[in-house]
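Participant: One letter stands for each residue in the lines below.
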Amino acid sequence: KQEVTQIPAALSVPEGENLVLNCSFTDSAIYNLQWFRQDPGKGLTSLLLIQSSQREQTSGRLNASLDKSSGRSTLYIAASQPGDSATYLCAVKNSGYALNFGKGTSLLVTP
Amino acid sequence: DVKVTQSSRYLVKRTGEKVFLECVQDMDHENMFWYRQDPGLGLRLIYFSYDVKMKEKGDIPEGYSVSREKKERFSLILESASTNQTSMYLCASNTPDLINTEAFFGQGTRLTVV
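Top to bottom, those sequences are chains W and D. Going letter by letter, the first sequence gives residues 13 to 123 in this note's numbering. Going letter by letter, the second sequence gives residues 94 to 207 in this note's numbering.
In case anyone wonders, no lab produced these hints; they're calculated from the structure. Heads up, some of the hints might be wrong.
As the list claims (entries may be wrong) - Result set (SDA-like, lysine to any residue): computed pairs, CA atoms no more than 20 Å apart in a straight line:
hint : chain 1 : residue 1 : chain 2 : residue 2
1    : W       : K54       : D       : G135
2    : W       : K54       : D       : K164
3    : W       : K115      : W       : L59
4    : W       : K80       : W       : T38
5    : D       : K96       : W       : T38
Make a model of the complete structure from these sequences and hints.
Facilitator: Structural data, given as structure tokens:
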């Protein structure tokens, strides 16, 4: 069964710092990996989707990389802002229909 | 703007009640999902549907059932609500494309069973 791990579970950084969130998965036979953001008490917002054949995807200040063979993905956030404070979740898609989620990294960006 | 809409943001129900959670998507997606999210446990799949009237059990289907009579609507039913079903419930949808399919989520329903 696919296991998805996100480290660290929580992170606090001062505004302006660049930061990296990590996601690892045990079964490298994935079709894609998706990063989500979740604000407290809200649903998930899709940030980036990386297909299994891709190495990275970029959207604004966000850059996600994928190393399928080693079972790792990173989400890089440049020049962090207080509005980036949220929980970030990664999810991988193996065969079948559903996504397998990590438990998330809770990010706090302090002014 | 693509949308997955859940009928309620917050619900409070009594133990033993039959509870309906509704989800509607406007993207013509074939697949729809119900997850619950609990602190320390993350998101767990309850049920999913890959077509109208088709459903499959997820990891934690006990105490739940689902209905999909129309493509855009997927309902989660708690047959007899219990306090251990107090949770955040999240609906999602995507296409059957294996590789290039992005999942979209609703805003969540916070259910409290008293």
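Participant: Now tell me, hint by hint, if it's right for this structure.
Facilitator: Against the structure, the hints:
no.	hint	result
1	W/K54 / D/G135	holds, 14 Å
2	W/K54 / D/K164	violated, 24 Å
3	W/K115 / W/L59	holds, 16 Å
4	W/K80 / W/T38	holds, 10 Å
5	D/K96 / W/T38	violated, 32 Å
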